[in-house]
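Asker: Whenever a hint applies, use it, and build me the whole structure from the sequences.
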Amino acid sequence: MMKTLWNVIRREILIIRKRPVYLLASVGVLFVNTVFYLSFFKDGLPHDLPIGVVDEDCSSTSRTFADQLDATQLGKVIYYDDLHLARADMQSGRIDAFVVLPKGFNADIQANRQPHIGYYVNSLYFVGGALAYKDILTMVNLTNGAVQREVLRAKGVNEREIMNRIQPIVLDQHQIGNPATNYGVYLNGVILPGVLEMIVILITIYAVGSELKYGTSRHLMRTTGGSIEMALLGKLFPYNIIFTLLGIGLELLLFHWLKYPLKGSLWWMCLNVLLLVSASEALGLFIIELFPVLRVAISVGAIISVLAFSLSGFSLPVEAMPSYVQGFSAIFPLRHYYLFHAQETIWGSGFAGWWQEVVHLLLFMFLPAVFMKRLEAAYVKQDYERD
Amino acid sequence: MKGINYFGKWIRDWYDIFVNELKLIFTDAGVLIIFFVGGLLYPVLYNLIYMNGMVDDMPVAVVDNSSGSYSRRYLQKVDATRECEILCYCSSLEEARDLMQRQKVHGIIYIPADFDKCLVRGEQGHISTYADMSSFLYYKCLTMGTSLTMLDEMHEIQTERYTASGLDGQSAYQQVQPVLSDEQIPYNRPFSYTIFFISAALLLVIQQTMFYGGSLLAGTLREQNRSFASMPSNLQGLGVGRVVLGRGAAYLAVYLVTGTLIALLIPRLFNLPQHAFWGDIMLLLVFYIIDCIFFTFTWSSLIWRRETVFVLFLSVSPICMFLTGFSWPTSAIPQFWQWVGYIFPSTFGCKAFINLNTAGCSLTDIAPELHAMTIQTVVYYLLAFISVFVENKVIEHKEKSALQNAL
Numbered sequence: 001m002m003k004t005l006w007n008v009i010r011r012e013i014l015i016i017r018k019r020p021v022y023l024l025a026s027v028g029v030l031f032v033n034t035v036f037y038l039s040f041f042k043d044g045l046p047h048d049l050p051i052g053v054v055d056e057d058c059s060s061t062s063r064t065f066a067d068q069l070d071a072t073q074l075g076k077v078i079y080y081d082d083l084h085l086a087r088a089d090m091q092s093g094r095i096d097a098f099v100v101l102p103k104g105f106n107a108d109i110q111a112n113r114q115p116h117i118g119y120y121v122n123s124l125y126f127v128g129g130a131l132a133y134k135d136i137l138t139m140v141n142l143t144n145g146a147v148q149r150e151v152l153r154a155k156g157v158n159e160r161e162i163m164n165r166i167q168p169i170v171l172d173q174h175q176i177g178n179p180a181t182n183y184g185v186y187l188n189g190v191i192l193p194g195v196l197e198m199i200v201i202l203i204t205i206y207a208v209g210s211e212l213k214y215g216t217s218r219h220l221m222r223t224t225g226g227s228i229e230m231a232l233l234g235k236l237f238p239y240n241i242i243f244t245l246l247g248i249g250l251e252l253l254l255f256h257w258l259k260y261p262l263k264g265s266l267w268w269m270c271l272n273v274l275l276l277v278s279a280s281e282a283l284g285l286f287i288i289e290l291f292p293v294l295r296v297a298i299s300v301g302a303i304i305s306v307l308a309f310s311l312s313g314f315s316l317p318v319e320a321m322p323s324y325v326q327g328f329s330a331i332f333p334l335r336h337y338y339l340f341h342a343q344e345t346i347w348g349s350g351f352a353g354w355w356q357e358v359v360h361l362l363l364f365m366f367l368p369a370v371f372m373k374r375l376e377a378a379y380v381k382q383d384y385e386r387d
Numbered sequence: 001m002k003g004i005n006y007f008g009k010w011i012r013d014w015y016d017i018f019v020n021e022l023k024l025i026f027t028d029a030g031v032l033i034i035f036f037v038g039g040l041l042y043p044v045l046y047n048l049i050y051m052n053g054m055v056d057d058m059p060v061a062v063v064d065n066s067s068g069s070y071s072r073r074y075l076q077k078v079d080a081t082r083e084c085e086i087l088c089y090c091s092s093l094e095e096a097r098d099l100m101q102r103q104k105v106h107g108i109i110y111i112p113a114d115f116d117k118c119l120v121r122g123e124q125g126h127i128s129t130y131a132d133m134s135s136f137l138y139y140k141c142l143t144m145g146t147s148l149t150m151l152d153e154m155h156e157i158q159t160e161r162y163t164a165s166g167l168d169g170q171s172a173y174q175q176v177q178p179v180l181s182d183e184q185i186p187y188n189r190p191f192s193y194t195i196f197f198i199s200a201a202l203l204l205v206i207q208q209t210m211f212y213g214g215s216l217l218a219g220t221l222r223e224q225n226r227s228f229a230s231m232p233s234n235l236q237g238l239g240v241g242r243v244v245l246g247r248g249a250a251y252l253a254v255y256l257v258t259g260t261l262i263a264l265l266i267p268r269l270f271n272l273p274q275h276a277f278w279g280d281i282m283l284l285l286v287f288y289i290i291d292c293i294f295f296t297f298t299w300s301s302l303i304w305r306r307e308t309v310f311v312l313f314l315s316v317s318p319i320c321m322f323l324t325g326f327s328w329p330t331s332a333i334p335q336f337w338q339w340v341g342y343i344f345p346s347t348f349g350c351k352a353f354i355n356l357n358t359a360g361c362s363l364t365d366i367a368p369e370l371h372a373m374t375i376q377t378v379v380y381y382l383l384a385f386i387s388v389f390v391e392n393k394v395i396e397h398k399e400k401s402a403l404q405n406a407l
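Protein chains in written order, with the numbering used here: chain A, 1 to 387; chain B, 1 to 407.
Some clues are possibly wrong.
Claimed, not checked - Reference excerpt, derived from the structure (chain B facing chain A, CB under 10 Å, subset only):
#1 G30
#2 F336
#3 A352
If you're looking for bench data, these hints aren't it; they were derived computationally from the structure. All figures in this text were calculated on a predicted structure; none of them were measured in a lab. Idealized CB from N, CA, C, for every residue including glycine.
Answerer: See below:
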């Protein structure tokens, strides 16, 4: 029995060596994606967002406002002479927002006439717009504080009392699990496993389906003496090793070398990625068993692995989706990986926090059994169209 | 006379190739699924998934150790915001933390025991917030809900204190807010996910389905040794242009239909903003689709087997999405990746579509993107031309050596 298994494994290794696409599509694709996402989000939080300033006042006060906006970490000021130019640039996304400081800004402040600062934000460019909005909001409030401070100082109020007057409430904000508000930590922690899931699903389908497409499935069945279980076990074994190494390498890269915040244990994260890999493999196998035609199965696998990014709920939370969509999120291994990931990285909750996700991911393992006979028939009869 | 003959033959060849390519497309179930089902399914699915597009009334736990009139008023106001809803009042931070870990709430507001005392004494009161960072939208909700309420409450307390020190209502108001602000957030007032994501994703779907479908077809033909690149041989080595343009016309005909459905019908169906004249959108589509066609022709020359395009290039879709700069700001994209972005038509096409369709720009405003797409089209046309020429030579060479071997 071990000998038959070994024969299938050896046969598969020969296929992998003969066709570079297998290594290219697993190791190569994950490598390119890792390099892309890690370097793409290397800043963590955007800085120096282009924010326009239309200074119609040209006084020392308005210049100070613009200078201080420029000095914030988030903003970088671009001056405009004309409101229409600024509007056109914002509308076409060249700047994320702009501020209008009206004529008589300084004089109105001095005379207590409450001038209006106008600001416009383009929220179609999501992260840039939201951060620029936050930056401008902060600056407007600081300006209010600064003016009050001048008035109170002139009245001889002491500094401590001034702070009590201009900021009676202080908000201390804490970000649990990502203290630096680092977008890289947040996005890479789910996108890269999502890419791994995509790779596993596609390659499983491709490897198993190729036997049908190139008409070699009967040869495979002869090697195992007609046992489909043996054939699949041996066939997927080398990929299992590759995927496992890739998964563990990914977790080590993120949490060990790059020191992404991790409250819990790296061992549990490795367990998580192993479950993700196995569940995705089972899902891929299920798809090719259900549709034993390579091109149909691979299209279905492609649709599922792209949708997984949205339905894992790491960007727009699942509870904000329509109720009839929410249930579907459970059929994506990435969804359970993400929930496990959140429990372990943010809370370090251990088994008590994520055992349900483990059960979910283990349930995927039963999927291949459902239609295995169907694949066996296809392997033996080769009665489906090949292209 | 010779010129007219050549011209007539050119048109006849071009037409034959055009019809042949349409036949190939419409007889291949896989390609049809990707072009029509995939092209229309994705926009519909994304519209369903992102139907609401916002997190409203996010559940928040409160630990109010002060329980005075100030803390109660603050919490009532937080509860009234669109962003937050107070799910429960906890007796300790541990209890609240436990609720957040179990995903019952996604934020905690902690008010220490001396909050009201400090405010009554005229000192500073402190509030702590704790956000669940498993999704940044939770963080955004908690920050917006608590900060905007804090500002409002602050103005109220400041006014009370100025009034107490002897200023009347109007002058107290002037003291508290020496500068007023007018906020304008056009295009997407509530920062809705639906509006920003789908406007950008629509054109990306056009590029990606065309690339996958086109590569599938090219891979199939090469697998079966009947690549379109073997055609020029029948035309005595000429006619590479006819092959590229004839096939291109077939794709254009198909995508003018799906493209119109995606860019004009889908926004109508799902009530997405559409601020542009339909003719302008069509013009943008023509620029974009032609660009995508030669992009597909160029890159699909790397695909030699039918299904390899998916296993190798599926993960390019999310990468293209990030390169368009509509989620992560372009100014924060590393220079190298900005250059890489120039490879893809979507980098310019999606941006032009968001600006034109959703932000209501004029054609003049999107002229830079149209220029860039024109340059891309010319470059990709030449590359597509060269790739067919080279492939043709390779096939010829193979056939010759096969013939020699046979002899």
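Asker: Look at each hint and say if it fits the structure.
Answerer: Structure-based check of all given hints:
no., hint, result
1, G30, "holds (5 Å)"
2, F336, "holds (8 Å)"
3, A352, "holds (9 Å)"
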